[in-house]
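Peer 1: So the chains spell out like this:
2 protein chains.
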Amino acid sequence: MTAENLTGESMEYALYYWPTIQGRGEFVRLALEEAAVAYVDVARHKKGLAAMTAMLAAPGTPPFAPPFLKAGELTIGQTANILLFLGARHGLAPRAEAGRLWAHQLQLTIADFVNEVHDTHHPVGVSLYYEEQKKEAKKRAAGFIAERIPKFLGYFERVLQENDKRGGFMVGGRLSYVDLSLFQVIEGLRYAFPNAMRRDGARYPGLIALHGMVAERPNIAAYLGSRRRIAFNQDGIFRHYPELDP
Amino acid sequence: MTAENLTGESMEYALYYWPTIQGRGEFVRLALEEAAVAYVDVARHKKGLAAMTAMLAAPGTPPFAPPFLKAGELTIGQTANILLFLGARHGLAPRAEAGRLWAHQLQLTIADFVNEVHDTHHPVGVSLYYEEQKKEAKKRAAGFIAERIPKFLGYFERVLQENDKRGGFMVGGRLSYVDLSLFQVIEGLRYAFPNAMRRDGARYPGLIALHGMVAERPNIAAYLGSRRRIAFNQDGIFRHYPELDP
Numbered sequence: 014m015t016a017e018n019l020t021g022e023s024m025e026y027a028l029y030y031w032p033t034i035q036g037r038g039e040f041v042r043l044a045l046e047e048a049a050v051a052y053v054d055v056a057r058h059k060k061g062l063a064a065m066t067a068m069l070a071a072p073g074t075p076p077f078a079p080p081f082l083k084a085g086e087l088t089i090g091q092t093a094n095i096l097l098f099l100g101a102r103h104g105l106a107p108r109a110e111a112g113r114l115w116a117h118q119l120q121l122t123i124a125d126f127v128n129e130v131h132d133t134h135h136p137v138g139v140s141l142y143y144e145e146q147k148k149e150a151k152k153r154a155a156g157f158i159a160e161r162i163p164k165f166l167g168y169f170e171r172v173l174q175e176n177d178k179r180g181g182f183m184v185g186g187r188l189s190y191v192d193l194s195l196f197q198v199i200e201g202l203r204y205a206f207p208n209a210m211r212r213d214g215a216r217y218p219g220l221i222a223l224h225g226m227v228a229e230r231p232n233i234a235a236y237l238g239s240r241r242r243i244a245f246n247q248d249g250i251f252r253h254y255p256e257l258d259p
Numbered sequence: 014m015t016a017e018n019l020t021g022e023s024m025e026y027a028l029y030y031w032p033t034i035q036g037r038g039e040f041v042r043l044a045l046e047e048a049a050v051a052y053v054d055v056a057r058h059k060k061g062l063a064a065m066t067a068m069l070a071a072p073g074t075p076p077f078a079p080p081f082l083k084a085g086e087l088t089i090g091q092t093a094n095i096l097l098f099l100g101a102r103h104g105l106a107p108r109a110e111a112g113r114l115w116a117h118q119l120q121l122t123i124a125d126f127v128n129e130v131h132d133t134h135h136p137v138g139v140s141l142y143y144e145e146q147k148k149e150a151k152k153r154a155a156g157f158i159a160e161r162i163p164k165f166l167g168y169f170e171r172v173l174q175e176n177d178k179r180g181g182f183m184v185g186g187r188l189s190y191v192d193l194s195l196f197q198v199i200e201g202l203r204y205a206f207p208n209a210m211r212r213d214g215a216r217y218p219g220l221i222a223l224h225g226m227v228a229e230r231p232n233i234a235a236y237l238g239s240r241r242r243i244a245f246n247q248d249g250i251f252r253h254y255p256e257l258d259p
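So the sequence lines, in the order shown, correspond to chains U and W.
Position one of the first sequence corresponds to residue 14 (my numbering), numbered consecutively onward.
Position one of the second sequence corresponds to residue 14 (my numbering), numbered consecutively onward.
In case anyone wonders, no lab produced these hints; they're calculated from the structure.
None of the values given here were measured: they were computed from a predicted structure.
Among the hints, a few may not be true.
Since the list can't tell identical chains apart, any single copy or any two copies may satisfy a pair.
[Unchecked claim] In silico DSSO-like cross-links for lysine-lysine, where the CA-CA straight-line distance does not exceed 30 angstroms: (1) Lys59 <-> Lys164; (2) Lys147 <-> Lys164; (3) Lys164 <-> Lys178; (4) Lys83 <-> Lys178; (5) Lys83 <-> Lys164; (6) Lys164 <-> Lys60; (7) Lys148 <-> Lys164; (8) Lys152 <-> Lys164; (9) Lys148 <-> Lys59; (10) Lys83 <-> Lys60.
Build the full structure now, drawing on both the sequences and the hints.
Peer 2: Printed below as a string of structure tokens:
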């Protein structure tokens with residue numbers, strides 16, 4: 014399937030992201046897959062990494078970092094910004110201003126949480142190896158499990174429970190990119206902190222149900238079963254270090 | 014002056030943020046001040062903190078954290094989201110989609126940088142005191158000065174230099190909220206890391222000039238000289254710990 018742009022031309026998206034991790038690019042992949050639009054995951058193809066590096070070095074309006082999406086003449090960086098764009102184009106967010114800003118607000122809060130997930134294994138420095146900051150990571154991960162997971166998931170659970178539209182979605186009565194992203198967050202937390210999630214997951218029944226519902230959507234289920242879905246691993250944002258999840 | 018909403022009614026904004034720090038709220042304050050729109054900085058008034066707490070606890074679409082802005086019926090959380098909204102309403106961002114997304118992308122990159130500024134004094138845990146993580150903070154701040162300031166400011170400087178419109182702005186040929194936010198970033202870095210900025214500031218001539226230009230804009234100059242501007246202090250995001258800035 015191909016997307017139609019505003020002038021009716023058919024268009025293909027090009028996603029630029031690291032080829033061996035889910036990372037932040039995964040939030041974009043899930044939206045593209047659910048919307049069933051044509052896209053190329055550029056860096057996973059031959060010479061794709063070089064193409065990505067060239068885009069970052071090109072003059073004009075270069076993104077700071079992957080992921081970024083090329084959509085015709087537009088190059089859009091920052092995960093939440095890409096989702097803002099895709100949400101409006103492909104019915105993955107409310108159309109009206111209030112709903113659009115609300116979905117984006119939730120996505121930015123997810124981005125904050127994802128940053129904190131990353132910091133559990135890299136509290137001291139982005140450019141140091143995990144092994145060089147293992148002691149500090151243990152401290153940070155303990156606080157993350159005891160305080161930050163409950164604070165963020167508790168908030169998202171509350172929002173879901175207080176949504177007065179039926180369906181079990183985060184925003185209104187329809188699926189949005191926020192639901193897809195929270196699926197990924199729950200999936201990632203279960204991979205990185207299986208003990209904590211087994212112990213405390215029942216506190217978030219709405220989110221757990223949402224995770225299951227997203228996983229069963231036909232386009233998402235097909236994607237998860239395909240080779241396009243990269244497995245979790247120790248280079249991504251969600252990493253499983255047993256010592257961080259006692 | 015009062016803002017006009019889309020139906021032409023006059024409207025006053027209510028900003029909710031911690032009353033004793035600049036923090037993330039300052040990026041919103043600068044936009045409101047430059048646009049010369051009427052707003053109440055709620056928590057700085059009597060019973061304002063209680064009002065802010067009540068808003069966070071109210072059912073519906075509660076923000077995760079301050080700052081948030083009440084604009085008529087809308088409540089908008091997340092700093093970059095608030096600026097997206099204000100930018101469109103008050104001419105502080107391009108109108109066309111490409112420019113609007115580009116400005117927002119830059120703002121989200123500023124938000125990432127501001128998170129890293131915060132982590133220099135809180136690498137191990139948000140809920141611990143600085144004194145409990147001083148050793149780790151020293152390591153993290155060293156990497157921040159050596160690698161992260163050059164990476165982020167180098168990027169913003171490059172974007173500014175590659176902007177083909179005259180005027181020395183970040184986005185196109187007019188002031189946007191991105192310029193206001195980068196003023197605040199430079200101001201904050203000079204407060205928190207005066208030695209590093211004295212040593213390395215000359216690498217970013219465009220940003221330094223931008224900082225000066227923003228400071229001299231009449232509405233901003235008036236604001237900075239007023240009691241509405243809270244001074245930097247050791248509770249905000251930008252903190253001056255001499256041991257972190259050798």
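Peer 1: Taking the hints in turn, state whether each one holds.
Peer 2: Structure-based check of each hint:
In this assembly of identical chains, Lys59 and Lys164 lie within 30 angstroms of each other by CA distance solely across copies; the values are 28 angstroms between and 42 angstroms within a copy. Both within a single protomer and between protomers do Lys147 and Lys164 lie at most 30 angstroms apart by alpha-carbon distance, with minima of 24 angstroms and 25 angstroms respectively. With identical chains, the CA atoms of Lys164 and Lys178 are at most 30 angstroms apart within one copy only, with a shortest distance of 24 angstroms there and 44 angstroms across copies. In this assembly of identical chains, Lys83 and Lys178 lie within 30 angstroms of each other by CA distance solely across copies; the values are 23 angstroms between and 34 angstroms within a copy.
Taking CA atoms no more than 30 angstroms apart as the test, Lys83 paired with Lys164 passes between copies only; the shortest distance there is 23 angstroms, against 35 angstroms inside one copy. With identical chains, the CA atoms of Lys164 and Lys60 are at most 30 angstroms apart between copies only, with a shortest distance of 25 angstroms across copies and 42 angstroms within one. In this assembly of identical chains, Lys148 and Lys164 lie within 30 angstroms of each other by CA distance both inside one copy and across copies; the values are 24 angstroms within and 27 angstroms between. When the C-alpha separation of Lys152 and Lys164 is checked against a cutoff of 30 angstroms, the pair qualifies both within a copy, at 18 angstroms, and between copies, at 28 angstroms.
For a Cα distance limit of 30 angstroms, the shortest separation of Lys148 from Lys59 qualifies neither inside one copy, at 39 angstroms, nor across copies, at 45 angstroms. Within a single copy, Lys83 and Lys60 get their C-alpha atoms as close as 17 angstroms, which meets the 30 angstroms cut-off; across copies the closest is 48 angstroms, which misses it.
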